[in-house]
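Please work from the sequences and hints to get the whole structure.
Next come the chains, spelled out residue by residue.
2 protein chains.
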Amino acid sequence: MNAIADPATDAAAIARAALEEAARAARAAATFLARAPRPVKDRALAEAAAALRSRQDEILAANARDLAGAPDLTDAFRDRLTLNPARVEAMARGLEEVAGLPDPVGRVLAEWTRPNGLLIRRVAQPIGVVGMIYESRPNVGADAAAICLKAGSPVILRGGRESLHSAAAIHACIADGLRAAGLPEACVQVAPNTDRAFVGAMLAAAGLIDLIIPRGGKGLVTRVQQESRVPVLSHAEGLCHTYVHEAADPAMARSILANAKMRRTGICGSTETLLIDRAAAAALLPQLVADLRALGCDFRADAAARAILPELKPATEADFSTEWLDAILNIAVVDGVESALGHIRRHGSEHTEAIITQDESAARHFLDGLGSAVGMWNASTQFCDGGEFGFGAEIGIATGRLHARGPVGLEQLCTWRYHVIGTGQIRP
Amino acid sequence: MNAIADPATDAAAIARAALEEAARAARAAATFLARAPRPVKDRALAEAAAALRSRQDEILAANARDLAGAPDLTDAFRDRLTLNPARVEAMARGLEEVAGLPDPVGRVLAEWTRPNGLLIRRVAQPIGVVGMIYESRPNVGADAAAICLKAGSPVILRGGRESLHSAAAIHACIADGLRAAGLPEACVQVAPNTDRAFVGAMLAAAGLIDLIIPRGGKGLVTRVQQESRVPVLSHAEGLCHTYVHEAADPAMARSILANAKMRRTGICGSTETLLIDRAAAAALLPQLVADLRALGCDFRADAAARAILPELKPATEADFSTEWLDAILNIAVVDGVESALGHIRRHGSEHTEAIITQDESAARHFLDGLGSAVGMWNASTQFCDGGEFGFGAEIGIATGRLHARGPVGLEQLCTWRYHVIGTGQIRP
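Protein chains in written order, with the UniProt record's numbering: chain H, 1 to 428; chain V, 1 to 428.
Note that these hints are calculated values from the structure, not bench results.
The C-beta atom is built at its ideal place from N, Cα and C for all residues, glycine as well.
Just to be clear, a hint being listed does not mean it is correct.
The calculated label-pair distances, taken between Cβ atoms and stated as ranges, are [stated by the list, open to error]:
#1 H:T222 - V:P102: 33 to 41 Å
#2 H:E97 - V:P102: 32 to 40 Å
#3 H:A70 - V:R364: 46 to 54 Å
#4 V:P102 - H:A28: 38 to 46 Å
#5 H:D6 - V:A110: 48 to 56 Å
#6 H:I267 - V:A110: 22 to 30 Å
#7 V:S321 - H:D6: 31 to 39 Å
#8 V:K218 - H:G217: 50 to 58 Å
#9 H:G219 - V:E360: 27 to 35 Å
#10 V:Q226 - H:D6: 34 to 42 Å
#11 H:E97 - V:T9: 51 to 59 Å
A few chain V positions that, by computed beta-carbon distances, are all more than 12 Å from chain H [stated by the list, open to error]:
#12 E47
#13 L81
#14 G128
#15 E185
#16 A279
#17 A307
Structure below.
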């Protein structure tokens with residue numbers, strides 16, 4: 001018997017009870033949602049989009065309360081948290097776009113007949129209950145709700161504390177959509193508890209939650225990866241490489257590298273490190289650096305690169321393992337494909353790497369030698385995106401080895417089951 | 001500073017160091033094995049099979065040492081541990097069969113072209129380093145080694161302590177095969193440490209091991225599922241149901257149920273519970289019970305079944321959640337498909353369930369409503385097996401929601417990556 005109350009233990013117990021109640025409601029809804037026909041799911045999404053538009057004033061008022069409640073935010077954080085009419089409209093359109101995508105549930109993924117006449121069919125099926133853990137962008141919750149709903153999996157949304165009122169107002173619109181379509185409201189739930197312990201309860205909920213998807217900074221994702229007892233689809237970082245091979249077309253290399261590094265420096269598919277073949281470096285590196293410098297980029301270069309351009313700042317070993325998410329490019333000179341692959345294995349995050357070359361056999365060698373989720377040949381690493389892949393929507397990017405790799409869209413959010421159809425067969 | 005040596009901590013540290021060394025060697029081999037062409041892998045398997053045959057005497061002598069070292073085994077355990085010339089020959093043939101299967105690595109799983117001309121290809125790729133944890137059957141190690149090798153993933157084998165000498169002798173033959181084919185010996189390693197702490201070290205090795213596969217009793221598998229920080233493919237039990245619908249063909253129901261329960265009672269796909277529609281029970285249940293009783297089966301029945309056959313033993317609620325793996329059948333009377341699905345959700349293990357019916361819409365309803373990895377219509381649950389599915393070989397059965405479900409063969413032991421092939425595209 002312990003007579004001294006422990007507030008941390010109490011908070012954990014309260015969070016666990018709240019999570020269990022939400023997860024059980026989600027599990028019950030899952031059985032229903034897994035069998036919901038496409039028009040029902042699409043109607044819920046369309047009605048939720050309509051509610052986002054008609055209840056825009058409420059949403060913006062809730063968002064203003066969130067902003068007022070957190071006066072000490074950085075400008076970047078404040079920008080991520082802020083909603084305006086254009087952003088609400090973008091959320092509504094996002095829901096409608098998901099409604100327009102094909103239903104991933106029930107697709108026949110493979111089918112064959114055995115010599116004994118058994119017909120075996122592999123059929124796409126919802127994963128079950130998803131737990132979505134994200135930070136300050138309120139639209140992440142709306143996007144995730146739409147994708148999970150269409151993929152037939154109830155979701156429990158746990159956004160950042162700072163966006164509490166915004167999340168509740170958006171959730172009210174999604175609940176309108178669910179009710180209008182006759183779907184259980186437990187298909188999309190907002191964490192009933194803003195305590196940090198609720199995240200811990202989600203991560204411990206093996207058997208209650210089937211999949212956790214974290215979206216946010218490296219700190220959040222790494223914590224989830226390390227603590228979760230529930231399977232996780234995620235990427236902690238995108239330490240992407242662009243490798244300029246000696247047989248690269250120089251104009252193509254300049255165009256792709258500038259895009260891969262500088263189009264948007266803050267996304268996970270942006271290039272952090274340029275690898276360049278020694279044979280190409282003397283002629284090409286000065287041009288590549290001049291292009292990027294004109295766009296505002298800074299550099300961290302190894303000794304061989306600095307032998308060509310001594311004004312570049314020296315790179316430490318740690319720099320090559322740093323995801324800058326900023327206008328900074330690491331540069332290393334390498335000696336061919338194996339040398340580039342070796343650098344990527346030491347420093348990369350198995351996200352996306354590109355080779356620029358006109359030599360097909362070098363490109364094959366590079367692509368086959370990568371362990372990364374995505375390998376590109378003569379294209380910008382910034383193409384690693386569900387929309388650019390044609391998935392229509394994505395809930396995240398995965399760099400683990402199991403289930404799904406690369407952009408995670410509706411199809412990747414499904415699992416499968418087998419239907420075995422016989423005529424009375426028994427096993428000999 | 002703690003001056004008192006703690007043997008448990010020491011054992012854990014030693015096991016962790018041993019595991020890390022093995023896993024690093026496996027990781028280095030993975031890069032090589034992932035790119036090994038099919039003939040090289042097949043040669044290793046064929047040479048290993050030849051070595052098993054030519055070194056049969058050594059293997060049997062090692063097995064005799066294991067048996068002599070463990071005099072207090074149960075008969076069943078002793079049988080699982082025992083090798084003889086027929087069992088060694090079966091292992092060798094198993095390796096040759098895997099060599100005869102198509103290479104799962106490098107298959108193009110999907111391919112499409114985007115409006116901007118990017119060609120996107122989803123390509124099958126090895127998972128990485130596999131950790132296999134099993135119990136007393138020495139052949140499990142040989143089978144797992146063959147499947148992992150063919151699927152391009154190095155494996156660390158951790159069998160039961162009782163089979164230590166047998167495992168080492170079999171491993172020596174596999175090492176012969178690897179050497180003959182020019183593959184790194186670290187492609188297949190036996191745990192260098194028989195301490196129980198080595199299993200703990202494997203389960204903690206996130207980032208070093210990519211996938212853990214446990215094969216054995218519920219205790220082992222449940223421990224692995226609960227403790228592992230590494231993704232796991234497994235099933236802790238197969239609590240399979242056969243549901244005899246009111247529109248079942250009586251002769252087919254009798255034939256299938258007898259096979260599903262009694263063909264082999266100790267495998268995970270054997271039926272543990274008969275669900276029978278109230279409308280069919282009075283006429284059919286006496287026949288079904290008489291058939292099974294003649295085969296030596298005993299019963300645990302609910303009140304409605306005992307109203308028809310009062311001599312049946314009553315079932316407790318716990319019985320319906322018990323995987324007997326024996327000649328015992330639970331019997332529950334249900335009221336239609338939803339009632340059967342409800343029973344399965346409460347008591348099942350999401351492994352394999354069958355419906356026997358001539359009514360197609362009832363069968364669809366049942367199959368669509370299941371969460372289980374495998375749903376069967378008019379076939380025996382004992383067909384849940386990689387060989388019966390046409391996979392040629394299986395490393396286990398998975399009942400989780402992610403990656404692979406049902407029998408895990410060569411294809412399911414692969415992950416994928418994307419190849420994105422451009423002509424200089426940059427992202428707008």
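Outcome of the hint check:
no., hint, verdict
1, H:T222 - V:P102: 33 to 41 Å, "holds, 39 Å"
2, H:E97 - V:P102: 32 to 40 Å, "holds, 39 Å"
3, H:A70 - V:R364: 46 to 54 Å, "holds, 52 Å"
4, V:P102 - H:A28: 38 to 46 Å, "holds, 43 Å"
5, H:D6 - V:A110: 48 to 56 Å, "holds, 52 Å"
6, H:I267 - V:A110: 22 to 30 Å, "holds, 24 Å"
7, V:S321 - H:D6: 31 to 39 Å, "holds, 35 Å"
8, V:K218 - H:G217: 50 to 58 Å, "violated, 40 Å"
9, H:G219 - V:E360: 27 to 35 Å, "violated, 53 Å"
10, V:Q226 - H:D6: 34 to 42 Å, "violated, 25 Å"
11, H:E97 - V:T9: 51 to 59 Å, "holds, 55 Å"
12, E47, "holds, 25 Å"
13, L81, "holds, 26 Å"
14, G128, "violated, 5 Å"
15, E185, "holds, 21 Å"
16, A279, "holds, 21 Å"
17, A307, "holds, 29 Å"
Hints 8, 9, 10 and 14 from the earlier list are contradicted by this structure; the remaining hints agree with it.
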